[in-house]
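Hints given; two lone chains; assemble the complex.
If you want the building blocks of each chain, they are given just below.
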Amino acid sequence: MCNIKFLRGIPFALLIPCLLIAFIAIIPVLYLTIRSIEADDSTWLWLLRWKTLSIVGRSVALAISVTTISILIALPLSFLTNKTDLKFKKIWKICSILPLVIPSYIGAYLFVSALGPKGILYQILNSVFNVENIPNLYGFTGALITISLLTYPYILLTMNATINNIDTSEEESARILGLNNFAVFKRITLPQLIPSILSGSLLVALYTLSDFGVVSLLRYKTLTWAIFNQYNGSIDRHSAALLSLSLCMLAILFIYLESIFRTKRKQYRSSPGAAKVPKIQKLGYWQMPAIIFCAAIVFFSLIMPVTILLFWVIRGLMNNETIPGMLEASINSLSLGFITAIVVVILAIPISYISVRYPKFISMLIEKICYTGFSLPSIAVSIALVSIGSQIGSPIYQSIYMLVIACAILYMPTGIGPIKSSLELLSPRPEEASRTLGKGNLATITKITIPMLRPGVFMGAAIVFLVTMKELPAVLLLSPLNFKTLTTMVWSYSTEAFFAEAAAPALVLILLSSLPLTLIITKNNIYK
Amino acid sequence: MNKPILSCNNISKTFGVSKAVTNLSFELYKGDILSILGPSGCGKTTLLRLIAGLENPTSGEIMLSNRTVYGQNINIPPNKRHLGMIFQDYALFSHLTVEDNISFGISHLNSDEKKKIISNCLEITKLSDQEKKFPHELSGGQQQRVALARTLATNPSLILMDEPFSNLDTQLRLELRNQVHAILRQTNTTTIFVTHDRDEAFVLSDKIGIMLNGQILQIDSPDKVYFWPNSKNVGLITGSCNFIKGIVQNPHAVTSIGNLPLRENNHSANNSKVDILIRPNDLTMQVTPNGDCVVIKKEFRGDETLFWVKIPSGEIIPCKHKKYTTLFEGLKVQLSADEHVKFNAFSI
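Chains Z and S supply the protein sequences, listed in that same order.
Okay, so the first sequence: first residue is 15 according to our numbering, each after it adds one.
Okay, so the second sequence: first residue is 10 according to our numbering, each after it adds one.
Looking at chain S on its own, in the form it has when it is part of the complex (with noise of 0.2 Å):
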């Protein structure tokens, strides 16, 4: 196995009293795309400030490249980290024309190269004849580019990029993410990036890591962080899901909707109280007048629609319909589980 660009031991970081991140440890390969998935506020972006230098941890080690960046007695100040950062606002150099800011972090370059590796972010960025303007004079999309390929000129060894999409309108945001997640690997780059948009998340990453009060919860690949998920809370901002009590009976959990066939490694011990992860695509859901289940919400999404059902027990778990259906609320169904689909326990 090779060695790994990034390593982050332990790190910590307090403002006053209050943690921002807490004994944080995981590991980065090259070319890999990690992205770092949590609720505003869960530190998140201190974690990224933490990696560039632009904040100090309280304490824990930093090592980019085999290379303490930060630890005992080291402190490398940020413009001697050798990596890039992309923030949410851009932070364009409003002063300088787009050629000025992509040569700005390689000005000890000699002419010609300078010229070859503008000219090489401009084409993949696809900026190539926007070179002379100035940063307002870009859209938004465009002005997310320039910020990319500033930061491509210096060859990083590893991009941070805090919300890089969240300033832009839905329909570019999907297709700025697509031409990014392009380049990135094109250019075999070595990137975290932060989002709370659950779907960047699973769209652009190898690997996702679960946020969540300043701890990572979970890193695993995005499927392994959907189907999973090693705790309620990852279960929750992963995607929509609902919990219902069950007691455990091997390899099943009884519960008031019926017996749910339960993950191999989840198990817990017979007649113990669990609660299961329900996601919206594990029930299958039938009109039936005598069905012990009532639509209590009807949610539709466009694309899909999301009913939220009352189970006998009185708990309330989310279920989704294939096609446009005209079941309404206050209607009786039955709900089963899908023969393949296995469930989530997590002792209480």
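So here's chain Z without its partners, still in its complex pose (with noise of 0.2 Å):
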């Protein structure tokens, strides 16, 4: 035990490890602060410059656009499927998550193999009406209707989580206090939702923020773009960094809003009691404007891109074409997504376990800091780490061992979250009970915590998985040489536009990452 004040009660054995953890989750920012000071005069006058400026007003611009889009398709769509006696519910449930699966870079890939100059559309067009030009979708609202169709699902699932729990007994008083069904759903409904919208809202923008696969793709100029070309076109790499550290610090502009909206509302807690039956609502003649609603969302964010993905596909193996390197690039994604599941849970665990267990201001700092990741988009982490990893060289640099703690700093919160939710389900008693029984702190968390907790570390690990296979800038920046994942040869397939090339990669991703998505949903009481 510690006699430190502070820190009193937090076994030793467990507290050096969660503070190497911590550390190494702050590296990056470490490491992009101090570059930033480092950084001449010239440098910042070259960041505040006006056309700086404008890539980060772009930057945000995309995210809040997204943002809102997101939670106009989300709301509705959490309502019908979970509210109301819509034909179909369960089929609109799961299909209105799946979109979850495809990474937004093959979003956009399938725009613009689809939609783009020499695309589907312009290909049919031209040979059946001899079109010679097409609307240019390109920029701004290509990117805005690529990442929105792919990312509601965030705020579906934080919705979809909260709106079966809310207590229907106030519905209920509601209704016999004279509220007609739209005054129950706007002054009792929605006001509970909002702290889960705003949570799945938070995710979509730092989503939105970081994403670099489809801006690039769609050649609209954020601050990623920016910061991928600097690095890749300049020596200097103080601006690079300097472009990072703003994007963090935009992400934790964000992160900062979303808690002062929350802390603004308060934390709802149902009633105790019997558990009642949510009332379900009567669509009546709503029921057909419902459905179309819910199967133009299911056609644009799920199936018109995975039949515009099969096209590609059937096409080239009719055209017998082979794409050599595939089953390479599939055990390299798979071993990646694998090794870094099984990293973070081992780093999660004594994080959560402190933070729960132990909830003193130094357990608090661990966890926050350990929480980086979640606020810095991944570019930022890649760029800090390359430029680390070439200046101690060998055996860090370009090996896989820098691609796995890139990408274990980034969704070691991914991996927190659920082993943390559901070590705070876990009742400290049967842990004390052990204790009684004779076992030490260590020996109790291995035999009883631990296994207590596997329903959350698998699930944890499965999130971890699904994400860090998709997963691109990291990859892309850090991969050791001649070191082909699935996620690389999508990219370079669909950026020199080999659309049919690409497919077939992407489609394997689609699958493989589909199996730990299946799990997930499957675990989840809410689409029982």
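The reader is advised that the hints may include incorrect statements.
[Stated by the list, open to error] List time: in silico DSSO-like cross-link candidates among lysine-lysine, alpha-carbon distance up to 30 Å: (1) S:Lys28 to Z:Lys374; (2) S:Lys307 to S:Lys319; (3) Z:Lys461 to S:Lys135; (4) Z:Lys461 to S:Lys89; (5) S:Lys233 to S:Lys351; (6) S:Lys216 to S:Lys233; (7) S:Lys125 to S:Lys135; (8) Z:Lys461 to S:Lys125; (9) S:Lys141 to Z:Lys461; (10) Z:Lys461 to S:Lys124; (11) Z:Lys235 to Z:Lys65; (12) S:Lys89 to S:Lys141; (13) S:Lys142 to Z:Lys461; (14) S:Lys351 to S:Lys306; (15) S:Lys216 to S:Lys241; (16) S:Lys12 to S:Lys89; (17) S:Lys89 to Z:Lys374; (18) Z:Lys461 to S:Lys123.
[As the list claims (entries may be wrong)] Simulated DEER-style distance windows between Cβ atoms: (19) Z:Pro469 to S:Thr23: 32 to 42 Å; (20) Z:Ser435 to S:Lys254: 54 to 64 Å; (21) S:His117 to Z:Ala27: 14 to 24 Å.
Since the hints were derived computationally from the structure, they do not count as laboratory data.
Note that CB positions come from ideal geometry on N, CA and C, so glycine has one too.
If you want it as structure tokens, here you go:
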């Protein structure tokens, strides 16, 4: 046991690894900060130019627009599939979550391959109607549509988790007090949903802010694009670091705004008592419009992209095209996801444990530091690590360890989330029982806590696996030479407009990442 | 006299500014069953957790079997205190079978010894055909007995029980508390259990510690704490009662319902003002048209009927009637003390 006052109670055997983990998690921010401080005046002036500032503005505009559209899609979807007698409810409920498996850069590639110049639409229109020009959907519009259609499930997921837990007795008493359906939704249901909408929106906003694939393929010049170009194009690493740091600041600003809105609202807890059957609204005349809405969303976000993808795959198969290195890339992707998932779980367990069981200043601080990966765009983390790696040299630089470390820093929060929440649900009594039965701290953690945490650990590992498989910027910047993954294949083919060649690895990637998602969906009782 | 199994000297525990346990001292001897009785929030659970080592006292000293487990520069962790604890929600290990739960604390023994202990514990707790089941497959009463078996297996010098029967329905609670009592007696296990149910405390324990606001007000045998409470609060915690004002005229007290004989042990100075504790069985009630007391409330409780009676001074006291009666509210009655009953008086 520690004797320093503010550390009292946390066993050293736990505290020291946790401090180390926190240190690793904060390395990218430290590095970027140091680099920015070192930067000379001209670099700063360059940053404050009108052009750079307008790039920042574009990033913010895109993030806000995407978030707004995503809310507009997710809110009605969540209400319809949970609270009404919508027909084929289960199908809509599952299909509306599935776009999560389509990485946004694959979405963008499919968008370009379908609607871009020389894309499917152009080819059809050109051959049938002899049309020469089609409207240009590149830039803001294209990025907005693509990212919104693929990220609204983040809001939907957090909303679905809450909407059925709202105490129906509150809605019932509001009805008895004379409110109509709409007023009940507006005054009772919606206010209780706002925290979950906010946290989902934050995920969407951060995703958009850090997205690199879509904006590059659709040529919308945002900060991520600028960072990548600075990194690739100039020898001076200061400007890339400075841009990365600005991106991080933006992300932190978003998190801060969300926390302000959130604390203004009371956290709701449902009252005790027997579980009540949620009330189902009759849609009546609105049944058909509702079905059309759901069908349209599912069509554009899931069916259309998958169809285009299959179109390219089948065309490739019919032309007997073979894509070299598919098996190797698949194995690489799988092992990267798998190793990262294991590493993250190993790191996340002690962090979650001290933050739940020893909620003191130091453990809160450690946890907050480990959450920085959540706010840091992966391109910024990668820039930091690749620079550190190049200074250290072998065996770190251009090794798979570096890539795993980057993904672990980025996705540690993703793993901590489910592990921490299942630990919070776990009563400390069994652990105390174990201690009174003669087992020490470590024996108790390994024999009682971890086995009882299994569901949370599996869930955390599955999500980390899923997101790591989809990760693009870190893989692009940190992969060892000749280390091909499915993401890098999709990327290199689609940036060079080899749409047919990109299709096969994209399909495999989607199928492989569907596996953990199925696990997540079936384990979450909201989808039972 | 043999040495105590447990002794607590002046232990205190504060959480921030709130005091959970204040300067508490007591001793416990081999085979004793002590219950700590008090309202919720009085610090009883904290006391158990301090003894177990799950919380550390702010000050004071705890000794178990002549060994200081907490004191100046000494803090033995719970796993080395060799005591057992049974939690309110049992805290069974949901991922382990009944058998593995029971053997959890004795994993250092060889397999023959383990088997012997397990089968012995299963037999005592009547769980012999349940050993392969998981906790969720058992009834509440069975889970409770697994928790007991798991604790008994380590042969602890002292078992601590935190409201062990509060999660069970009434019928099962009565049944199980008799079973547990029999097991504790049979194994001569020293036990402290915490409860807010006075019947449970009376039935199960050799001694009852009455706890309020972090302090033990009185430790005595069940009948002593009921009939000879050392303070008004102990009287209130140990049973239905009320207090009426009186003036001491040894060996009586003069009250508005006549002279009440006082107990020898709490004679106060003549003419001093006292509060007199009235239990439901202390007074006999007779219906008479010119009675000066009025029945103001009738509580039918099945086994008995309790009447709340307003006496001339305006004070209200409980009174029990042995037989079922049609006495109703508003009726005029006369109260009189039984010959052999003596009363507790508390100086104001």
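Hints, one by one, checked against the model:
1. S:Lys28 to Z:Lys374: 20 Å, holds
2. S:Lys307 to S:Lys319: 12 Å, holds
3. Z:Lys461 to S:Lys135: 27 Å, holds
4. Z:Lys461 to S:Lys89: 17 Å, holds
5. S:Lys233 to S:Lys351: 14 Å, holds
6. S:Lys216 to S:Lys233: 9 Å, holds
7. S:Lys125 to S:Lys135: 15 Å, holds
8. Z:Lys461 to S:Lys125: Given that 30 Å is the threshold and the Cα spacing comes to 23 Å, the pair holds.
9. S:Lys141 to Z:Lys461: Holds, because 19 Å separates the two Cα atoms, which is no more than 30 Å.
10. Z:Lys461 to S:Lys124: Holds - the C-alpha atoms of lysine 124 (chain S) and lysine 461 (chain Z) are around 20 Å apart, at most 30 Å.
11. Z:Lys235 to Z:Lys65: 11 Å, holds
12. S:Lys89 to S:Lys141: Measuring from Cα to Cα gives roughly 29 Å; hence the hint holds.
13. S:Lys142 to Z:Lys461: 19 Å, holds
14. S:Lys351 to S:Lys306: Holds, at about 25 Å.
15. S:Lys216 to S:Lys241: 19 Å, holds
16. S:Lys12 to S:Lys89: With Cα atoms ~20 Å apart, lysine 12 (chain S) and lysine 89 (chain S) stay inside 30 Å; holds.
17. S:Lys89 to Z:Lys374: 26 Å, holds
18. Z:Lys461 to S:Lys123: With Cα atoms ~18 Å apart, lysine 461 (chain Z) and lysine 123 (chain S) stay inside 30 Å; holds.
19. Z:Pro469 to S:Thr23: 32 to 42 Å: With Cβ atoms ~37 Å apart, the hint holds.
20. Z:Ser435 to S:Lys254: 54 to 64 Å: The hinted range 54 to 64 Å holds for serine 435 (chain Z) and lysine 254 (chain S), with Cβ atoms some 58 Å apart.
21. S:His117 to Z:Ala27: 14 to 24 Å: Check passed, 21 Å falls within 14 to 24 Å.
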